[in-house]
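K.L.:
Assembling the complex is the task here: the two chains are given apart, and the hints tell you how they should meet.
For the protein sequence lines, the chains are G and B, in the order given.
Reminder that position 171 of the first sequence reads as 171 in the working numbering, one-by-one numbering, no gaps.
Reminder that position 76 of the second sequence reads as 76 in the working numbering, one-by-one numbering, no gaps.
Think of the hints as simulated: they come from the structure by calculation, not from any bench.
Every value quoted in this text rests on a predicted model; they were computed, and no experiment measured them.
We put the CB at the ideal spot given by N, CA and C, even for glycine.
Treat the hints with care, as some may be off.
[Unchecked claim] Just so you have them, the derived chain G footprint on chain B, three or more residues with Cβ under 8 Å:
(1) 10 to 24
(2) 45 to 58
(3) 81 to 91
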Amino acid sequence: MTAPSKSNIPPDAALDQLRRVQSVTDAALAHLAVEDLLDELLVRVREVLDADTAAILLLNETGTELVARAAKGLEEEVEQGVRIPVGRGFAGTIAAEQRPVVIREVDHNNVMNPILREKGIRSLLGVPLVVQGNTLGVLHVGSKKPREFGEVDIRLLQLVADRVALAIHVGLYERERFIAETLQRSLLPEKLPTLLGIDFAASYHPAADAGVGGDWYDAFLLPNGRIVVVVGDVVGRGLRAASVTGRLRNALRAFAFEGLEPARVVDNLNAMLHFLDPDEMATLIYGVIDLEQRTISIVNAGHLPPVVVSPSGEATFFDRSGTPPLGARASLRSMTHVVQLDAGAVVLFYTDGLVERRTEPLNDRLEALRRIAERGVPIDDLPALLVDELASEATEDDVAILCMRFAIDVSRPYSVRLPAEPVQLSVIRSMLRTWLAELGVSESLTYDILVASGEACANSIEHAYGLRPGELQIDVSRSDQRLTVSVKDEGSWRDARGENRGRGLPIMHKLASAVDVIRTSEGTDVRLTWNMQEGAR
Amino acid sequence: MNVAVEMVNDTPVARVSGEVDMSNVRMIEERIGGSVSNKAFAVVVDLTDVTYLDSAGIRLLYQLDSRVQSRQQRLVIVVPLHAAINRTLEASGTIGTLKIVRTEQDAFAALAG
Chain G
1 MTAPSKSNIP PDAALDQLRR VQSVTDAALA HLAVEDLLDE LLVRVREVLD
51 ADTAAILLLN ETGTELVARA AKGLEEEVEQ GVRIPVGRGF AGTIAAEQRP
101 VVIREVDHNN VMNPILREKG IRSLLGVPLV VQGNTLGVLH VGSKKPREFG
151 EVDIRLLQLV ADRVALAIHV GLYERERFIA ETLQRSLLPE KLPTLLGIDF
201 AASYHPAADA GVGGDWYDAF LLPNGRIVVV VGDVVGRGLR AASVTGRLRN
251 ALRAFAFEGL EPARVVDNLN AMLHFLDPDE MATLIYGVID LEQRTISIVN
301 AGHLPPVVVS PSGEATFFDR SGTPPLGARA SLRSMTHVVQ LDAGAVVLFY
351 TDGLVERRTE PLNDRLEALR RIAERGVPID DLPALLVDEL ASEATEDDVA
401 ILCMRFAIDV SRPYSVRLPA EPVQLSVIRS MLRTWLAELG VSESLTYDIL
451 VASGEACANS IEHAYGLRPG ELQIDVSRSD QRLTVSVKDE GSWRDARGEN
501 RGRGLPIMHK LASAVDVIRT SEGTDVRLTW NMQEGAR
Chain B
1 MNVAVEMVND TPVARVSGEV DMSNVRMIEE RIGGSVSNKA FAVVVDLTDV
51 TYLDSAGIRL LYQLDSRVQS RQQRLVIVVP LHAAINRTLE ASGTIGTLKI
101 VRTEQDAFAA LAG
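Isolated chain B, as found in the complex (with noise of 0.2 Å):
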């Protein structure tokens, strides 16, 4: 697992990769947490490259959510239309309930719009 963020256009992006379970769902949060700063508008988190989630990564998810509403910052997550990862998504309902769209492009489209 790993996390790598990177600012584009004062929007962090945080690029997940590999497996998620309730082993590393805290070095997840305190990697993302502590790359939003109050100025920024939004966080997008970016699963394309993770390959196993679960209920602790879904729960870091709406966690994240709540977090950045409170500070009336947004979150979108991209996930591709193939991934895996979507039968955890669907399986606990988190489609339709979170922002969730295909790619980074898109992301940034939703924040524009």
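Next up, chain G with everything else stripped away, as it sits in the complex (with noise of 0.2 Å):
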């Protein structure tokens, strides 16, 4: 290729090309991904400084070092993911004093990247991709025959890298506010548990400016029948913090479905961050729920105190926690504070951006919320009422709020989802039994109800979804002097196989008062009812 020099290129010549590099931007900047539009700018750059070659390398995380992103005739550098640290070589210089370099003779003092020399490049020019003062990278391009890049040259291609830039940071920003909010609302169950015995409000606010953060919240079954309520707050903000929010939130859920005691989930949590993300902090509340004796056993690391609701409506904060962060020492021996409640009270997890704002002392905002949740708001409206009130304006920080009551309506009916699973038997047990007390039901009564109930339920498992996965809806009720438990599913019944099946049914039969099984084409219902002249309240 014969490259004539282009330092005395007439001015609207280069206007010309300025314009075509403008348009290819623009357009590219409506539809293309960001490697597609490095791509396609690299492309046209060659063409336009009638260069050999064209590439970009960008500033990785820290600062310290360029990573090649894209490039046309050198390709290789993108492929061997070439790094050239900051402060050396030709486009090291040029990132760290932010000014264009121009090199006539390429040689091993001046280039540090074998690959430019073994592709025969003899001349080079690089500028700087900026934006708002800050370097994101270097722009450069090479000629295999000596050349000397002129001003006119340097300014073209500076032009074109001010765009560049800016495209990058664009495309880079939003991607990483998509890819971070993608992962947190992943991080958010899809559903709170719906349980007899306890009822779940939950909510999370992004911060208006930067977006997500790493607070989450969780609450989940475990196959014992008790459940994990948590809400953790990674320090930081965006795709980083949302990743160890991630981490942590698998992490919780595999220590607690181990059956490690809550003290030991939370110092394995902080064994592992500790050693894995060593530069990462967290805050949690972790606790974990026994429905039957209705206590919340809660180790607090580093967080903000919950806030209980006596049945009288009295809030005050369970302060006592007595273990340190997450992350902050290499091994944790945790606390486990046990919670006695009454029927009806309230607890409530938050995170410190509902409280926290720098114009106003820390005490003064926990009393506000301590008030709000004295005023006996339905549960289902306390997050959305705390938010308002305290948090309404422009936060600065993510919100994550988890909000529970303790309480079973005994005049009403409950009706609860499960998965059709025989590890669910004894979670159903549990929320009867816890149920069944409340209704001051006998033991004796309340063991054939339960072994009634599951073998009902234990028939839908077994038969009615055969490998496909399914649920059941259990539903309870009691009015007068009939108490009735109802097993739906909504596969198919089988009737019993094998000698030594089949006994469910008759077992049902002896047990309960009346058995109703309805099958229909949505499904099989099995009613189970108890006339209660003796054991009932």
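P.N.:
In structure tokens, the structure reads:
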């Protein structure tokens, strides 16, 4: 290729070239993803400057190295993920000093990257990619013939670089925000458990300017029928914080499923975070609820204290902690505090975004929170009310809220949906026991109801769905002297097979006052009723 | 749910505790089955500390019984008089079908007799 010197290019021709670049960037901005956009721009840059190579290197997260992100005529640079320390060599100097660099004759002293030399590049021109005074990276073009890049070339490349920098900035920022938001959404439970004996309400609000942060909440059932409730806060924001949140949330679920004690779950999380993400820190409230005992075991790792509202409406902070934030120390011996709750009590977990403001003392804000909790609004309305009154202005930090109310209203029917899995049987028994205790049903009748209901559920689990995953719906109600447990599934009823099968239905008939099996095309409903002449309150 | 097996005079005694349902019967079966050698003459399954038993548990007892019988061994089940799980045993017609006694002492007496 013959490459005539462009340093004496006529001004109107340069303007024309600039227009071409401009039109490409504008069109591309609207339609292309960042990687495609960079590729497209490099094709144009190479053409406009009549260069043999063109490449874009971007600063890494810590700003210490340049990483090749896109290249034309130098594809190896990207494929090999070439990294150049800032401040050294050709590209490193451009990034460090934020100025164009021209190299007339490439040699070992002025170019570090061996690929540039191996490709036979003789002359180079590079300019910094700068947005709002911050260096994003470097754009450079090269010639295989000795060439003198002149003032016009430099100006042209810098103009292109400014547009490229802006496109990268917008593209990367938008993409990071999008990914972080998607990730954050995936970190919150799709739905809160619907159980007998506890009601949940929760909400998450991203920060006004910075988008997502590291807050999350979680609530899930363990196979033993206990319920884990969590609100946590990873220090920092954006994609990085959301990723750490994801790791913590999933590790927490795994440790909890192992059946570890609450304090050990938190200790393990701490050890994991400290070892794998030594620069990260998080605060956390971890609670395990036992509905039968009506207790919540709480471990507070450096988090703001939960609010406990008594049935009479008095709100207090449960501020016994004793455990530092996660990641602060290599190892922890967390403290678990068991709180006994009365029927009708409300517990509220939240993150600091709800109460911390630079302009107001924290204690005043906590007092405002406590007073709102004392208003006795229905739990479903509580998260929205808290956000309205405490964080309705543009918040600097994200907010996560998880509320739970411990109550069974025996005068109303309940409906619970659970996966049709054998491990759920103990969960169902646990919930029924809580409900029956509230009704004052005797121990012996309770046992009968548990076994008969268990048989109905086991039947659905075993037969209704085959290998398909499905759900069970359990409805319970009491009216005067009748107590009803109905077990519904959306599968097809199958009569028992095998010589040792088929005991379930006779057991139900023996233990319940009446058994009705209603089979429709929609599924099966097994309705068990008990007449409560004795045993009931 | 837990299963602890102890050898008493060359006879395995499997003490089951907790709640027995379809989620854990296979585990119980494996623990008990694995502890019964061909040399043993009998197996004692002590359900004194079982607080819940459903038809999956009943099925397990019948399966265990036929397996043991096919090897010319005997199964004795221990369930105290006032245990809640008697309701399941009654409702499933198991009492009178399988060998059920009230204490481990009764179990060994029954095996000796």
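K.L.:
Which of the stated hints cannot be reconciled with the structure, identified by number in ascending sequence?
P.N.:
none
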